[in-house]
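Chemist: So you can see what is in the structure, the chains are spelled out below.
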Amino acid sequence: MTVARRPGAGAARVLAPIVVGAVVLGLWQLVVTVGGVDDYLLPRPAAILAVVAEIAPSMLSAGAITGLNALLGLVVGAAIGILAALAASSIRVIDNMIAPIVTALAVIPIVALAPVLNTMFGADSQFGRQAVAGLAAFVPVFINTLRGLRQTLPVHRDLMRAYAAGSSQVMRAVTLPTAAPFVFTGIRIASSLAVISALVAEYFGGPRGGLGGLISTSAASSAYARAWAYVLAAIVLGLAFYLATLAIERLALRRRS
Amino acid sequence: MTNTGDDGAGSSERPRPASPGTATAVTVTGVDKVFETRSGQVSALKRIDLIVAAGEFVSLIGPSGCGKSTLMRLIADLDQPTSGSISVFGKSARQARLDQDYGIAFQQSGLLPWRTVAANIELPLSLHGVAASERKSRVGELIELVGLRDFADRYPDQLSGGMQQRVAIARSLAEKPNLLLMDEPFGALDEMTRERMQSELVRICAETKAAVVFVTHSIPEAVFLSDRVVVMSPRPGRVQQIVSMQLAADRTDGLREEHAFFDMVTAVREALHQGSPVSSVRGVENR
Chain A
1 MTVARRPGAG
11 AARVLAPIVV
21 GAVVLGLWQL
31 VVTVGGVDDY
41 LLPRPAAILA
51 VVAEIAPSML
61 SAGAITGLNA
71 LLGLVVGAAI
81 GILAALAASS
91 IRVIDNMIAP
101 IVTALAVIPI
111 VALAPVLNTM
121 FGADSQFGRQ
131 AVAGLAAFVP
141 VFINTLRGLR
151 QTLPVHRDLM
161 RAYAAGSSQV
171 MRAVTLPTAA
181 PFVFTGIRIA
191 SSLAVISALV
201 AEYFGGPRGG
211 LGGLISTSAA
221 SSAYARAWAY
231 VLAAIVLGLA
241 FYLATLAIER
251 LALRRRS
Chain B
258 MTNTGDDGAG
268 SSERPRPASP
278 GTATAVTVTG
288 VDKVFETRSG
298 QVSALKRIDL
308 IVAAGEFVSL
318 IGPSGCGKST
328 LMRLIADLDQ
338 PTSGSISVFG
348 KSARQARLDQ
358 DYGIAFQQSG
368 LLPWRTVAAN
378 IELPLSLHGV
388 AASERKSRVG
398 ELIELVGLRD
408 FADRYPDQLS
418 GGMQQRVAIA
428 RSLAEKPNLL
438 LMDEPFGALD
448 EMTRERMQSE
458 LVRICAETKA
468 AVVFVTHSIP
478 EAVFLSDRVV
488 VMSPRPGRVQ
498 QIVSMQLAAD
508 RTDGLREEHA
518 FFDMVTAVRE
528 ALHQGSPVSS
538 VRGVENR
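Just so you know, the sequences run in chain order A and B. According to this note's numbering, the residues represented by the first sequence are 1 to 257, in order. According to this note's numbering, the residues represented by the second sequence are 258 to 544, in order.
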């Protein structure tokens, strides 16, 4: 149902965080210039922006490398997560087999695997990072999808039985549509995790050129303004993933109110 | 099975034959239902015998937990009896379900929230491979029947509870079943909506000539709608008495204020309270 919004409510929703951001940046600039914090430790926002203008092409190409790793990991990890959840929800033995593995995956910090995978797949391969991102994405998609597949209401199950519907009909008519919002929640969580994992995995060696690698080399060579500029790019990348998955979710579920 | 004392009220004659012929819609013979629970066995139904004629409206009434919903679920083949047999139009309950011989509605409307009103009514038709053009015309008829023409493209959460229930009833009628199974379909509605829905159901039944097994815990509702009211005892559920309604064939709203109506309400109430002190009967609404 379309609820009439208060006029200006939409604008306030966009403006409020922008105002907060501007105030924080202003305070930061003020503290560093007037408060006497060493520019070496914490560069002024103005200085960081100057560097951004200077290294923008490098930020873009680094973002593309890390973004591609995260995207591949997200797509493959989410696909495997959905398929595994479908298998687990329909066959109890598979559920019993997968559950402990997923629990183990959920509790270990997946990024900790990065050095191992980097060594396994060679120092010039991006595969280790993609695998880390994929593993990180798999867990929330699997858990949420499985949960969603078990949300079918008893009255809907009774109804489908009364209609003598076959199992694939039940899956299409009731089970999957019921699970869809849960699947998308899982993917939305996974999208942020995939970016974080792909980025952090670059801290542990492997080919250079990604955002994570550039952040760590810039910081190591005391180029803090440059490090911050790459951090900014990483934030933008994470946001882009989040907003993209959110948009896909809205598009897919738009027929419901 | 005992009958009410007053003259003719307990006779097995049907005062309002809705369809010619002697075909029976539902035959329940010696049915027991025992549920296995963690704390042991619970006997829900004991030695139930019941015959519902074609076109007849039969209500099941009784206190909460008397197994009236369970009995309806057995007829629908949503559960299986522990012993005894059930036949629907001369077939096993399972075969009748597979042949789609009945339509069903529950207390929850059970609409699919991602489908429009029209698409919800269409659901059983599309599951059973009815051609698109036929589906469209049938859905149009049904929407007209339940008076929701202006709401065909709305989603369930845009409708009131009464409207949702009307959609569910339209859906249960989609395949023109000769038997309707209804489990407290108006249980969650307010009194005014409920009376309006009852009148609509009477009209719809007159048009479709379907037999109805209607579960309720409201005495006036059972009296207003039914040809016969099956009064069930508390757990384990048994048929305590079957009361035939001695009422005019056309059930209009005026009936609710007639003496004959109140007499029938009293007859059902007395049947309900028979064998157990009035104070111990719970879950029955006397409104």
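To be clear, the hints were calculated from the coordinates, so they are not data collected in a lab. Think of the CB as a built atom: it goes at the ideal place given N, C-alpha and C, for glycine as much as any other residue. Any given hint could turn out to be false.
[To be verified] Label-pair restraints from in silico Cβ distances: (1) B/R295 / A/D95: 33 to 39 Å; (2) B/E401 / A/V236: 38 to 44 Å; (3) A/V93 / B/Q352: 50 to 56 Å; (4) B/E464 / A/Y242: 33 to 39 Å; (5) A/A16 / B/E398: 48 to 54 Å; (6) B/A505 / A/S168: 45 to 51 Å; (7) A/A112 / B/V299: 47 to 53 Å; (8) B/Q337 / A/V93: 21 to 27 Å; (9) A/D95 / B/V299: 27 to 33 Å; (10) B/V291 / A/A104: 41 to 47 Å; (11) B/A388 / A/I80: 27 to 33 Å; (12) A/V93 / B/P370: 30 to 36 Å.
[As the list claims (entries may be wrong)] Away from chain B, derived, C-beta distances all over 12 Å, residues of chain A: (13) A16; (14) V32; (15) E54; (16) S61; (17) I98; (18) R150; (19) G166; (20) T178; (21) I189; (22) P207; (23) A220.
Chemist: I want to verify a distance hint. Is the separation of the beta carbons of A/A16 and B/E398 within 48 to 54 Å?
Modeler: 52 Å, holds
Chemist: Please confirm whether A/R150 is truly not at the interface, meaning its C-beta sits more than 12 Å away from all C-beta atoms of chain B.
Modeler: 17 Å, holds
Chemist: Regarding B/Q337 and A/V93, is the given constraint of 21 to 27 Å on their beta-carbon distance met?
Modeler: Holds - the Cβ-Cβ distance for B/Q337 and A/V93, about 26 Å, lies within 21 to 27 Å.
Chemist: Evaluate the given range 27 to 33 Å for the C-beta pair formed by A/D95 and B/V299.
Modeler: Holds, since A/D95 and B/V299 (Cβ atoms, about 29 Å apart) stay within the stated range.
Chemist: Can you tell me whether the CB distance of B/E464 to A/Y242 sits inside 33 to 39 Å?
Modeler: Violated - the Cβ-Cβ distance for B/E464 and A/Y242, about 54 Å, lies outside 33 to 39 Å.
Chemist: Holds or violated: is the Cβ of A/A16 farther than 12 Å from all Cβ atoms of chain B?
Modeler: 29 Å, holds
Chemist: Is A/I98 truly not at the interface, in the sense that its beta carbon sits beyond 12 Å from all beta carbons of chain B?
Modeler: 28 Å, holds
Chemist: Lying within 33 to 39 Å: is that true of the beta-carbon distance B/R295 to A/D95?
Modeler: Violated - the Cβ-Cβ distance for B/R295 and A/D95, about 22 Å, lies outside 33 to 39 Å.
Chemist: For the hint 50 to 56 Å, verify it against the beta carbon of A/V93 and that of B/Q352.
Modeler: Taking Cβ atoms as reference, A/V93 and B/Q352 lie about 32 Å apart, which means the hint is violated.
Chemist: If we take the beta carbon of A/S61, is the closest beta carbon in chain B still more than 12 Å away?
Modeler: 42 Å, holds
Chemist: That 30 to 36 Å hint for A/V93 and B/P370 (C-beta), does it hold up?
Modeler: 33 Å, holds
Chemist: With respect to the beta-carbon atoms only, verify the hint that A/A112 and B/V299 lie 47 to 53 Å apart.
Modeler: The hint (47 to 53 Å, Cβ to Cβ) holds, given that A/A112 and B/V299 are roughly 52 Å apart.
Of the numbered hints listed earlier, those contradicted by the structure are 1, 2, 3, 4, 11, 19 and 20.
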